[in-house]
Amino acid sequence: MFFQQLVNGLAVGGIYALIAIGYTMVYGILFFVNFAHGDIYMLGTYCAFFIFGFIGVEATGGVISVRQFFAALLPSMLACAAIGVVLEKFAYRPIRNGSRLSAMISALGASLFLCNGAMYLFGSQTKPMPKLFAGEYFTIGGTIISYIQTAVLLVSFVLMVALHLFIRHTKLGKAIRAVSDDQRAAVLMGIDMDRVISATFAIGSALAGAAGIMVGIYYGAVYPSMGAVAGIKAFTAAILGGIGNIPGAMLGGVLLGVIESLGGAYISFGYRDAVAFFVLIITLCLMPTGILKKGRT
Amino acid sequence: MSLSINEVSKVFGGVAALSDVSFSVEPGSIFGLIGPNGAGKTTLFNIIAGVFKPTKGSILMNGRHLENEPNYLRIDRSIARTFQNIRLFPNLTVLQNIVVGMHNKLRCTMIEAILRSARWRAEESAAKLRAMELLDTFGLANRRDAIAKSLPYGEQRILEITRALVTDSGVLLLDEPAAGLNNVESARLVDFIRMIRDKMGRTILLVEHDMNVVMKVCERLVVLDHGVKIAEGEPREIQKDKQVIGAYLGRKFADEACC
Amino acid sequence: MGGAKTMATLKNARWPAFAVAIAVAPALGGSDYMLHVLVLIGLYVILAESLNIVVGFTGQFSLGHAGFWAVGSYVSALLLIRLGLSFWTATLISMAAGYLMGIVLGLPAMRLKGDYLCIVTLGFGEIVRVFATNLEVTRGPMGLPGIPVPEIAGFSFDSEKSMYYLSWACALATIYVAAKMRHSRFGRALMSVRDDELAAVSLGVNMTYYKVQAFGLGGMFAALAGALYASWATFISPDVFQFSDSANIFCMMILGGLGTIAGPVLGAFLLAGLPEVLRQFAEFRLIILGLLMIVLMIYRPGGILGSYDTAGVSVKARRRKTNKGAKI
Numbered sequence: 001m002f003f004q005q006l007v008n009g010l011a012v013g014g015i016y017a018l019i020a021i022g023y024t025m026v027y028g029i030l031f032f033v034n035f036a037h038g039d040i041y042m043l044g045t046y047c048a049f050f051i052f053g054f055i056g057v058e059a060t061g062g063v064i065s066v067r068q069f070f071a072a073l074l075p076s077m078l079a080c081a082a083i084g085v086v087l088e089k090f091a092y093r094p095i096r097n098g099s100r101l102s103a104m105i106s107a108l109g110a111s112l113f114l115c116n117g118a119m120y121l122f123g124s125q126t127k128p129m130p131k132l133f134a135g136e137y138f139t140i141g142g143t144i145i146s147y148i149q150t151a152v153l154l155v156s157f158v159l160m161v162a163l164h165l166f167i168r169h170t171k172l173g174k175a176i177r178a179v180s181d182d183q184r185a186a187v188l189m190g191i192d193m194d195r196v197i198s199a200t201f202a203i204g205s206a207l208a209g210a211a212g213i214m215v216g217i218y219y220g221a222v223y224p225s226m227g228a229v230a231g232i233k234a235f236t237a238a239i240l241g242g243i244g245n246i247p248g249a250m251l252g253g254v255l256l257g258v259i260e261s262l263g264g265a266y267i268s269f270g271y272r273d274a275v276a277f278f279v280l281i282i283t284l285c286l287m288p289t290g291i292l293k294k295g296r297t
Numbered sequence: 001m002s003l004s005i006n007e008v009s010k011v012f013g014g015v016a017a018l019s020d021v022s023f024s025v026e027p028g029s030i031f032g033l034i035g036p037n038g039a040g041k042t043t044l045f046n047i048i049a050g051v052f053k054p055t056k057g058s059i060l061m062n063g064r065h066l067e068n069e070p071n072y073l074r075i076d077r078s079i080a081r082t083f084q085n086i087r088l089f090p091n092l093t094v095l096q097n098i099v100v101g102m103h104n105k106l107r108c109t110m111i112e113a114i115l116r117s118a119r120w121r122a123e124e125s126a127a128k129l130r131a132m133e134l135l136d137t138f139g140l141a142n143r144r145d146a147i148a149k150s151l152p153y154g155e156q157r158i159l160e161i162t163r164a165l166v167t168d169s170g171v172l173l174l175d176e177p178a179a180g181l182n183n184v185e186s187a188r189l190v191d192f193i194r195m196i197r198d199k200m201g202r203t204i205l206l207v208e209h210d211m212n213v214v215m216k217v218c219e220r221l222v223v224l225d226h227g228v229k230i231a232e233g234e235p236r237e238i239q240k241d242k243q244v245i246g247a248y249l250g251r252k253f254a255d256e257a258c259c
Numbered sequence: 001m002g003g004a005k006t007m008a009t010l011k012n013a014r015w016p017a018f019a020v021a022i023a024v025a026p027a028l029g030g031s032d033y034m035l036h037v038l039v040l041i042g043l044y045v046i047l048a049e050s051l052n053i054v055v056g057f058t059g060q061f062s063l064g065h066a067g068f069w070a071v072g073s074y075v076s077a078l079l080l081i082r083l084g085l086s087f088w089t090a091t092l093i094s095m096a097a098g099y100l101m102g103i104v105l106g107l108p109a110m111r112l113k114g115d116y117l118c119i120v121t122l123g124f125g126e127i128v129r130v131f132a133t134n135l136e137v138t139r140g141p142m143g144l145p146g147i148p149v150p151e152i153a154g155f156s157f158d159s160e161k162s163m164y165y166l167s168w169a170c171a172l173a174t175i176y177v178a179a180k181m182r183h184s185r186f187g188r189a190l191m192s193v194r195d196d197e198l199a200a201v202s203l204g205v206n207m208t209y210y211k212v213q214a215f216g217l218g219g220m221f222a223a224l225a226g227a228l229y230a231s232w233a234t235f236i237s238p239d240v241f242q243f244s245d246s247a248n249i250f251c252m253m254i255l256g257g258l259g260t261i262a263g264p265v266l267g268a269f270l271l272a273g274l275p276e277v278l279r280q281f282a283e284f285r286l287i288i289l290g291l292l293m294i295v296l297m298i299y300r301p302g303g304i305l306g307s308y309d310t311a312g313v314s315v316k317a318r319r320r321k322t323n324k325g326a327k328i
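Protein chains in written order, with our numbering: chain A, 1 to 297; chain B, 1 to 259; chain C, 1 to 328.
You can take every hint at face value.
In the BS3-like style, the derived pairs of lysine-lysine whose C-alpha atoms are separated by at most 25 Å in a straight line are:
(1) K11(C) / K128(B)
(2) K113(C) / K149(B)
(3) K149(B) / K128(B)
(4) K199(B) / K105(B)
(5) K180(C) / K128(B)
(6) K216(B) / K240(B)
(7) K180(C) / K149(B)
(8) K11(C) / K149(B)
(9) K174(A) / K89(A)
The hints are simulated quantities; they were obtained by calculation from the structure and are not laboratory data.
Throw the hints in and build the complete structure from the sequences for me.
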């Protein structure tokens, strides 16, 4: 049972990690919690939902091919990136020099707007999503590992490696790192803040979008309020790993997924969410900077 | 009100910021703590004010050990302070700022305030009266209802010192009181500090960069360099001290200045 | 000078006038539905005003206020149903429970600031909900039905009108306490911690104590709102106390004007009242609310009454002086 829960936890943790990266990147640069991030993730799921509908996959009990999955993944990520950039431009850029409290309220407002906007446009009821690999699985020493879990882990891993390479080796990635290290010095060196911030929102939102699709097909459901809990969990993961620290967010996400899964199995399934928050509170009280400290990616 | 610093050392992450610094401040004196940048003045100041605990050594106030006491108890030990980059309560009025300074003297609980008991009314009006007296003395009476952050810089500095005075602490720690003041304001500050000592009988310990102010107002100085006390004495002696000149200007100048 | 005096008198009279308006409002007619909405607003006034003690006065972010509301509701409801205690006893015990929970939540506040504190308080709210959903005694997601209506000295508050008076009496009491607190040693200590922790400590303010107490008092009044809510609605379930409610209460306080007394009241009327009045726009109202919050933060980050009440503080102080002069 331990290994089974470990595998389940890893899959969910990979998804948390993808969302957490968005929180941590924005925090690393603007020092505020983008509460609307969870809603962008939700919109990612809806994007995929409509793309699957468009290409004619049966939502209930339908099965998509790997190619169809990627056909939905990329446009959804792009759409989320666009939403993230627009959101920053309209809701956050005008108050960039204001207090962090204003930014937080604005983010809460944006979250309300996106969540309820989705509810209005798409309806508030849960809609079914098609599945990838129709529940096929393989076993290793009695532990059931489904194809979809493997796929989720693999895609998360590839995206995180891609992000890592981007941040390390491209000019824009280096600019993001510079701004997160020392904003004033970065600006003095001629780095365009607006561009870096837009890029940060684009990347974070795209990864959230990817997480959204995977959650959609993993649990087979999509609904407007799905961003709230996932958002809180992912933020927990970001803090667990040390907010502002990208590898920390990855580690924190996976760790949270595993802790939650094991806690749910060994304590009680109903208290799974509480376990996550207890971990969060204890981490913060003992190690206010998280497991890894801020910043040097 | 005798304050003494005994063999105080402070280590930050393996680096010694202070080593075995000792001196004592005579009651009723104006005492200066000076030294070049990075000498450890601010560290020592913060240890006396209770922000840091010393790694080693003790701070004694009338024979009582303070080094391990929490920060907020310094007022009860009759030590008040100001800050280098003025720290008022920016959203409170001038009067409210002063009344917060009386925090440890007011006794009424919140229940009494809610019930508006006679004791509460008496205490509040007495507190306001006392605050107004002080504001009047320092020429801020007409500003009583201004929001603190709206005051000009010089007045903010005076308000901060007034707020420290209203605590009735015997020892006043001033952290670079002349920082950001122009010559005229600095001259006024010197008079102001003297007046606090002469009329109110407070002991003053100040850290200051502005040598003009230091030499005019201080009666005794301790000079720190690289965390070590290199000299102590009256301003006239300190001005001639070879080691001090060396610390500020470099060894070469020190030799020239003396020969 | 005369103008200033009139202004001062007007300011002086605004709360008594507000109380009178509340008292006579039902007599002006209005349906049970109107009263129902007003009861809800009254409860939100208590919640927003109590959160204001934590956030507005003390500067400690809290996004878990619905957690205290839930604690108050559940404790009171269980005491009424299981133990058959009287309404007042149950309410007082639930307030004590809210206070204790506040103290417990205040402990992390000693070490954490800003966003970290936000997320811990948010976690607290969620933990309360998880427990309410899973405990046997709270009947989980099914909730607790059949909570008796308040009964005091034989009088039963079973009509909307009587509940209206009860809830607003408590709301006005909360407003009064918050207003008086600002002019007490205690309240000034809270505000000094908010404005500058280090300076406050240097003046002898025991920061830890005041932060924890602020959470305690905030929790206590939120629990009062909870106890009233439970007996008014006669049914509670975990769904009532969601994160969105915490966020909603937070927004009431910010929109009205953080740290002011009138702000949270105005915020409660706007955010709890307007959606009910604009019921035909039910589908849009939260979308509009979200937009409104963004726009307000861009153009008026201090809230609607933010700057007004800062001016109000000074006017009040001056008035007190003139009164004293008159007496002597």
